[in-house]
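**Student:** Below, each chain spelled out in residue letters.
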Amino acid sequence: MRSRDIAFALLILSILLILAVPTFLGALGSLPPENIRSLARSILGLTFNPYNKSLWTASPEAVAAIIWDYRGLDTLYETMVFYTAIIATLMLYREVLGSRDEVRGRGLSLIVKRGTAIALPAIVVVGLSTVLHGMLTPGGGFQGGAIMAVAPVVALIVFSRSIIEESRLTYAHLVALRSLALLGIVLVPLIPIIVTFGNAFIFQNQAKALYSFTYPSTVLDVPMGGLITFLNIFEGIAVFSAFTLAFTILLYSEKVSRKAVEGEDIGF
Amino acid sequence: MDFRIVLFSTAVMALYINIAISVYGIIAKPNLVKKFIGLTIAQDTMNVMAILIGYRLWRKAIVQPPVLTNWSPTPEDIQEFVTRAVDPLPQALVLTAIVIGLAVNIFLVAAILHLYRHFNTVDMDEISKAKREMIVGETA
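For the record, the sequence lines run as chains A and B.
Heads up: the first sequence at position 194 corresponds to 194 in the working numbering, and the numbers run straight through without jumps.
Heads up: the second sequence at position 45 corresponds to 45 in the working numbering, and the numbers run straight through without jumps.
In isolation and in its complexed conformation, chain B is listed as follows (with noise of 0.2 Å):
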């Protein structure tokens, strides 16, 4: 078996022991920032599994970013080009997944320092507590 198809599955497999502990770390976790930074580790984790499916095993040379670096290229050099880079379509999907993360990302760091401004703590668990007091001293 080749070495790099060794490695690659390796690589595939850690992502996905990624997501998985993100996904533990989104659902167990009460804390508020345990919560966002799980969440963080997902969207990572997904974004470089996109960049990866976007990868090429090119066995006579090595690979080259989808970058022409030549300006005034013959139709052989662009022949060259297409055969050996890797797929530009993942990349520019995940700059967009990026560019909406980030900004969805300080919108729930600006919502959890509210919540932690208005209860005091990030618990889940006291925050709900709270909240059902709060709702049983007003009904009372």
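With the rest of the complex left out, here is chain A (with noise of 0.2 Å):
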């Protein structure tokens, strides 16, 4: 075990020394940087401009405007990305998935089960705030949609799995439920060319120099970011169905979860 040891420690010093020698000998410019790259310097300056409204998106955060405006195509790629990853989790378990839990759990006690009660409806009030102000304050779907799926976590352990017979929190209703969200986040970038029967670009937010659909850029005088709105709040929804998804199918007693991998012998 020795030479295994003095190979590990030489292996950290050597990948220390490949990232802090470049890094001291300005790799990544001078540190810190006294200046943001002109990228940067152009997106903060538009982003929300009314004297240019050709290019600006009409929302004051500049973080949700690289995210669903400048750079939208590269979001709507990765929510598929995380469709096709929970998906992949869901398929592990595809022997029990739906079916119900064997094992009647009770919960813990009335006085856990009163107050996280009492806190369940603050928590999704938070996580919806989050998701709909995205385009003042940093946040946005995917964090306001994480937040708010802290409740159904919450509400399986404290009131024990039967809370998904009861409830409509089914494995059903929350599948049919992402895949409207995501419809919804497909739809909504295609609607300018829908609506102008072709005179819009695919994720078009404010009207441009060439074609003029708009999305509504204030709402009660708060400025709203066209699109961007609209696609927290799928996001959000996608984002809370999907960690519902994953720990329903994760919290399974064991019982349930053995049979997913009965008869797999030969396949690992």
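Hints are not guaranteed to be accurate.
Below 30 Å or equal to it, Euclidean Cα-Cα: the simulated DSSO-like pairs (lysine-lysine) are [claimed, not checked]:
#	chain 1	residue 1	chain 2	residue 2
1	B	Lys35	B	Lys131
2	B	Lys131	A	Lys259
3	B	Lys29	B	Lys131
4	B	Lys129	A	Lys255
5	A	Lys113	B	Lys34
6	B	Lys35	B	Lys129
7	B	Lys129	B	Lys29
8	A	Lys255	A	Lys113
9	A	Lys208	A	Lys53
10	B	Lys131	A	Lys255
11	A	Lys259	B	Lys129
12	A	Lys259	B	Lys35
13	A	Lys255	B	Lys34
14	B	Lys34	B	Lys131
15	A	Lys208	B	Lys34
16	B	Lys129	B	Lys34
Covered stretches of chain A, as calculated for chain B (at least 3 residues, CB under 8 Å) [said to hold, decoys possible]:
#	segment
17	17-28
18	82-96
19	130-144
Since the hints were made in silico from the structure, they are not lab data.
We put the beta carbon where it would ideally sit given N, CA and C, even for glycine.
Dock chain to chain to rebuild the complex, using the hints, since each chain is given by itself in its own frame.
**Tutor:** Next up, the structure:
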């Protein structure tokens, strides 16, 4: 074991040297950087610039503007990857998907149950607020969806798994909700093209010099960033249902989960 | 030497040490859960690294997040915002990376759980031993 330890110590040292020497010779530029790149400067200057309305996004938050407007297609494909990764997780449990759990849990004590019942709506409201303010403050669909997904996870643990059979958070409903949200994410960028019979760009948010289609830029005097709001809402629903699905599957009782690996002696 | 430059270099160096340790964890530990923890540490370190590169040292005033708080800005306000805000591009890319990383992490956790239920261990060495015995048993 002695030589193995020396080899790993050398490995750590060499990784450190390979990374640190170029950095301090100036590979990342001066540290810390004094200026930002010109691309970042133009994005910051244009994202909420009412004096140049052919290039603005009507979103005062530059990160949301990049995610859903300037580089919207990237995020669309990222959502696809997210969708597919959750599908892959579900496929590992294809034998037991949507089946009822055989073990009837009783959950935690009455005090915990009542306390959680009071706290759950608050968690969902915080998540919704994060989603709906995604174009004004740091936040957005993914973060809000992840906050909202805490509620079903806590509920699963506190009220036991029987809450799935009693409530409407069943497997089929969640999959349908998730697919509808993804459909929304695909449709919102296509609506400009459909409505104007081809006289718009894909992911067109505000009116451009060539095509005049525009999503609303304000709602009740508050900037709403056009399609950014809709995409944030759909992304929030998609992420919420995806995490809820993943945790319902992972929190199956051991008896049911064992069924998923039965008869796979040759598979691995 | 400026105190802030020393602090910044220390932060960068600490992140590099983090990366080295997580690579060690991924390669050297036979336990799949420990490998997974090493992987998440590496992911998070690289995300922090990317955000740190978008940071800027603005000597006249405090730097600002890339969020415009004034909703009816004059051209001067926008100019001031451009000169003070940090780079929003790495933040947007890191957001994307976190989403994908989380989804892949959930898949990995499910796969590790499956392996545990199948082999009753998460030790890579024992799993490969069991697999070898299985193959020998089938061919014999």
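**Student:** All the hints need checking, so say for each whether the structure fits it.
**Tutor:** Hints versus structure:
no., hint, in the structure
1, B:Lys35 with B:Lys131, "holds (20 Å)"
2, B:Lys131 with A:Lys259, "holds (20 Å)"
3, B:Lys29 with B:Lys131, "holds (19 Å)"
4, B:Lys129 with A:Lys255, "holds (26 Å)"
5, A:Lys113 with B:Lys34, "violated (34 Å)"
6, B:Lys35 with B:Lys129, "holds (18 Å)"
7, B:Lys129 with B:Lys29, "holds (16 Å)"
8, A:Lys255 with A:Lys113, "holds (25 Å)"
9, A:Lys208 with A:Lys53, "holds (8 Å)"
10, B:Lys131 with A:Lys255, "holds (24 Å)"
11, A:Lys259 with B:Lys129, "holds (24 Å)"
12, A:Lys259 with B:Lys35, "holds (26 Å)"
13, A:Lys255 with B:Lys34, "holds (26 Å)"
14, B:Lys34 with B:Lys131, "holds (21 Å)"
15, A:Lys208 with B:Lys34, "violated (51 Å)"
16, B:Lys129 with B:Lys34, "holds (19 Å)"
17, 17-28, "holds (count 5)"
18, 82-96, "holds (count 7)"
19, 130-144, "holds (count 5)"
Hints 5 and 15 from the earlier list are contradicted by this structure; the remaining hints agree with it.
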